[in-house]
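Top line first, the protein sequences correspond to chains A, B, C and D.
In terms of the numbering used here, the first sequence is residues 4 to 377.
In terms of the numbering used here, the second sequence is residues 4 to 377.
In terms of the numbering used here, the third sequence is residues 4 to 377.
In terms of the numbering used here, the fourth sequence is residues 4 to 377.
Incorrect hints may appear among the rest.
One copy or two, either will do: identical chains are not told apart, so a pair holds if it fits within one copy or between any two.
[Said to hold, decoys possible] The calculated lysine-lysine pairs, modelled on DSS-like cross-linking and capped at a C-alpha distance of 30 Å, are:
(1) Lys108 - Lys330
(2) Lys206 - Lys330
(3) Lys192 - Lys206
(4) Lys192 - Lys108
(5) Lys108 - Lys278
Simulated from the structure, these hints should not be mistaken for laboratory data.
Note that the structure is predicted; figures quoted are calculated from it, not measured.
Number of protein chains: 4
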Amino acid sequence: MSYNTFGQMFRVTTFGESHGPAIGCVVDGCPPNIPLTDADIQRELDRRRPGQSRFTTQRREPDMVRILSGVFTHPASGEQVTSGTPIGLMIENVDQRSKDYSDIKDVYRPGHAGYTYDAKYGFHDYRGGGRASARETATRVAAGAIARRIVPGLVVRGALVQMGPHKIERASWSWDEVNSNPFFCPDAKQAAYYADYLDEVRKRGSSVGAVIEIVADGVPPGLGAPIYGKLDGDLAAAVMGINAVKGVEIGAGFAAAELSGEENADEMRVGNDGKPRFLSNNAGGILGGISTGQPVIVRFAVKPTSSILTPRRTVDRYGREAEVSTKGRHDPCVGIRAVPVGEAMVACVIADHYLRQRGQVGASPTWPFDPPKT
Amino acid sequence: MSYNTFGQMFRVTTFGESHGPAIGCVVDGCPPNIPLTDADIQRELDRRRPGQSRFTTQRREPDMVRILSGVFTHPASGEQVTSGTPIGLMIENVDQRSKDYSDIKDVYRPGHAGYTYDAKYGFHDYRGGGRASARETATRVAAGAIARRIVPGLVVRGALVQMGPHKIERASWSWDEVNSNPFFCPDAKQAAYYADYLDEVRKRGSSVGAVIEIVADGVPPGLGAPIYGKLDGDLAAAVMGINAVKGVEIGAGFAAAELSGEENADEMRVGNDGKPRFLSNNAGGILGGISTGQPVIVRFAVKPTSSILTPRRTVDRYGREAEVSTKGRHDPCVGIRAVPVGEAMVACVIADHYLRQRGQVGASPTWPFDPPKT
Amino acid sequence: MSYNTFGQMFRVTTFGESHGPAIGCVVDGCPPNIPLTDADIQRELDRRRPGQSRFTTQRREPDMVRILSGVFTHPASGEQVTSGTPIGLMIENVDQRSKDYSDIKDVYRPGHAGYTYDAKYGFHDYRGGGRASARETATRVAAGAIARRIVPGLVVRGALVQMGPHKIERASWSWDEVNSNPFFCPDAKQAAYYADYLDEVRKRGSSVGAVIEIVADGVPPGLGAPIYGKLDGDLAAAVMGINAVKGVEIGAGFAAAELSGEENADEMRVGNDGKPRFLSNNAGGILGGISTGQPVIVRFAVKPTSSILTPRRTVDRYGREAEVSTKGRHDPCVGIRAVPVGEAMVACVIADHYLRQRGQVGASPTWPFDPPKT
Amino acid sequence: MSYNTFGQMFRVTTFGESHGPAIGCVVDGCPPNIPLTDADIQRELDRRRPGQSRFTTQRREPDMVRILSGVFTHPASGEQVTSGTPIGLMIENVDQRSKDYSDIKDVYRPGHAGYTYDAKYGFHDYRGGGRASARETATRVAAGAIARRIVPGLVVRGALVQMGPHKIERASWSWDEVNSNPFFCPDAKQAAYYADYLDEVRKRGSSVGAVIEIVADGVPPGLGAPIYGKLDGDLAAAVMGINAVKGVEIGAGFAAAELSGEENADEMRVGNDGKPRFLSNNAGGILGGISTGQPVIVRFAVKPTSSILTPRRTVDRYGREAEVSTKGRHDPCVGIRAVPVGEAMVACVIADHYLRQRGQVGASPTWPFDPPKT
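Just chain A, with the same shape it has in the complex:
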């Protein structure tokens, strides 16, 4: 049982608030002998870092990660590799602007966790959201950078596929485009529209939600388990555990409810490579909780940022009614930065199940099987 750990064999325990000295995490259960440098992790962190465009918070955090333990120079190769012992990672908080929070200190911001923290702990950290701060997600991205290196051939990529009510055109999907605009949007035309749209949203002191899609290629078949250790169950928990997420889908998701059994069934043929080939992927790469070898597809909905300029009715800690509006540096669409975070969570879950499968079953069996002798 834990409140701040996820994963079973590949385990990540995070700590830290946005206004303390540092945030960080401990990655336990990582296999030994995996090449790993600070730069490998930093590269991923830089994708999530705020302040890189006018569409994310202007808070300036360099987010420099430091590996505190768990690596070693391999005696044979001379390369820095994981040692199999826990990897401690730390990111110092440097932009703890001595902001005056006195006007919101005792007032609950609707959509924020202030009231529920109070209901749980008897107080809440009004400075930047405390533990619920989006800043905590940096540690997930750092852990994900390690997870990505564990499963051979695994590639996990994400994209923003909807902002507010505006969906991308699926036919225009380009992975190259994703890194060419500030929205991780795979549709160039829609990305251009989002820029104007989000400027307008910000100007009227509002915010919008988004839908993110994560695609994991190279997931070997056989990962997951039939019942409570389902790959999709763990993915759902991991992704729902990201701040502001309110919905999760695998493959066809809610649309599957509208399909007939014939339409939904992913038919199979023998591929030219002699491997099983699916003719569609409504399953999102997972059947009965276990990976099929097709791309694993996870989609999640992020609600609009709760910190908005427009005043809202609320109450304070002491029983009085009030109004509140949030000034300060906030993302008008937190969904944008959720893209690398979603990738990281998906990578961690897949790495975890890869190790679990290796533990329980050893080498996975391969299709086709030998017919019984008669």
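Keeping the supplied structure of chain A fixed, place chains B, C and D upon it in accordance with the hints.
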């Protein structure tokens, strides 16, 4: 780590396949002194039992539960209560019809877990789906019957709110209606339509999906945790762990992505009872992973039954292409029986977090708080 | 977190009291494709079964085990093998003699858990000890029978090496002798003495303790982990979790405190087989929490049976002082039947770490290593 | 599952090697509102710190702890308290002397974990023992300082009761004396002897073992669980998880094997305070895995330091036979510094079970009970 356990303090471990001697579960961590009889559990099981209308499988399983351990006659009250030790539950499998499975034994049914089981374990249980059988969900309902008794005042109810593309009319919602039709549908008019619709679906050898909504009233504020022990994260995993589920939403869910920050924020006032009152419930009763005291609302999508009469293209275990169609006793809409299962999973998660909160924090703090002395 | 589960990858969850309908367990995480029949488990259970000599309780329990799930007839071999899904095991309680417990119902028996159960749960099961009954250990032996089959080449054997103050002669150790006397004693001469000694103990209404030693041969090097997942730490917990155990030692154990650094160090040479050879085994096969490849040696002390005829001073549930003596069918030395139980626990821990190592590291590295290229 | 976490509700995850930048831990599950400052933790760390007498390693580590997260200034009291979120602690490594390890880099030191690390991971950290370094225990002491503050009235103290073959005189026990000599020895006369004895041991390039006893007063009755969550089982694992420990006893321990049932039974009377009074404490405060309210007594054996000047026969990584002796700063008796570490582990286990009991049962029942109404 476990493949067949869920929950942290209130833990449920299940076992059993549809074609073995029995299924069952062990409920560990239940508080002592909670009145519990076989009948209390049987009542819930009877709601899930197949064969109660022409719209569910005609497989006849009496689903009689037997408490094997974990109860005791209290010395003071003379009543049968939980003892605090593990509660073993068993349900014998009595209708293991000696059906001839030889025609589908080696062939993967699209949408079924046969191929992924093979990819994981090197074989799959073709008889009724093995561990992936819907039958396993009976043990969840049994565990849920215990969970419901743990949190004082908790009421967990579910309803089918969409079948295929046909949604209910929200304005016509009646909880009384839910138990008056074979679909757990809260909208009487739509329920009547579903009867005809499902007859038609079955006649053409097809199947349909559904959307289920679970509402938990009486959840105390303060349950859950900020990050990886989020109440919504655990609910998502629990519900995604039900067979055939492909999507999960909390509160407004995917619709939240289309709302503005002002629309989405659940404003607060002081209620007539002196407690905080929310003016809306887009959050679905959970903010920052922690319950608000509002009803907890979970919605999930169930894909159409994979076992259909209409032939589909596939491959077999031995590398050959094939066609397959499934005869036999199958639910044309597995979503129907998912209603009591969804209720049970939600009840288990809430009971678990209730005990976890009591463990970490003791008595929860209550709003409003005393102002600091000056 | 769990109160009734042990193990991480190879997990055993037990349930049941001596006076309920049945006891049992669920074994989760077992690899697939391991040949397993009811008889394989029954064989081990029969070694622990009471009533086989005049030196154990005359309670007559056939202890017939029934596999409820988790096995499958392999399509290629036609053999019954584990399926990788949870293995449910059940043993019916048949000798629940309708004994009159009214005279001890409210009185705490010194050395028994009655008072602490009351202090924890508000009542205790006076009939045969409830959950604390030695009967529960049958489920451990059943689980151990499965664990033994997981690690290739593993042989786990146990012996009683001390009864009361009387130790065996180490030079007379014979594994063959262990199965030839009712005490699992490896020293034939001492076994003969124990027969007279225990008769005398029983006649004067007393009981005695014992020391048990478990030896695991064939443990591959590399199992365990440096800190909290130490093989010796998990062994200590597993063995201390057996009823009435008050002390645990690994290798030289407490005697190591009296050795000098030179004496205690197990020196190494290159063996004739080219493998590292240790010149002694004070470490008991474990260094730094990780197995060395030498036999793993675990020793534990069992206190004398608390249920004795000789009257003892005590109090009752209602605040009154009293005297109590226990009539009925009790083992004068519970340590005897602890031998197969200890073996089972050690086998389970080793199987668990074998799977954990395979998960984290894959194939273990082998000594000697290639020197770095220069 | 985890290799570097212990505890269930009060969970400690540690990281770090002696020769990396820092060691540290994350304490998760701590209740909110517990006063906690850096100084509270530092005080305990200072008791463990090396270099305080000529009898411990002269390595100079200030062991300054830094709280990175999980504390907050309470709005009402203005005091720094725990926030209920994870407490990140870090201790920088400052004395990583650039020692030349080249002569022992490839050679296994008998009694050390070098060979087993190689067998597990394919390499080992020759610099100061890597993860197996005694330095890691500083993080346990830090966590223990927090644990001590959770259970009201709990006092956990430890003492060295045997060095080499030399036991203390039980009748001379004085807790005041424990802090007056460099051995944590409660017997002043024996402490004086140890000083001479240890000087002699060191001079001849040898080392000795020790036995440590931890006594926890103020443990409420009812903590623990009957079977696998036994308080004594968890204590055994926690203490066996300390470096160099080879044996653990609860209460009478191995001596219990030599007692008769009458002698071993701790008889009960009604105390003058109306509470149950035990006439002896052979149980060490634990019956059936659950605390009795008497002092909890844990004893453990520490083997002699493996790093000794006297040369020993060994092999190297590359298959060659060799001799090795260890120069450098080593404790001639690592058992001394194990005293505060043992206290910390015991405090953590008790705090964990305190929270678990509160979670499962709520307020514990109190003896005497109301008789049934007739």
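Hint-by-hint comparison with the structure:
1. Lys108 - Lys330: Answer is within; shortest intra-copy Cα gap is 13 Å, inter-copy 58 Å.
2. Lys206 - Lys330: Only inside one copy: Lys206 and Lys330 sit 13 Å apart there, 60 Å across copies, limit 30 Å.
3. Lys192 - Lys206: within (22 Å within a copy, 46 Å between copies)
4. Lys192 - Lys108: For Lys192 and Lys108, neither the intra-copy (42 Å) nor the inter-copy (50 Å) Cα distance is at most 30 Å.
5. Lys108 - Lys278: Only across copies: Lys108 and Lys278 sit 20 Å apart there, 60 Å inside one copy, limit 30 Å.
Of the numbered hints stated above, the single one contradicted by the structure is hint 4.
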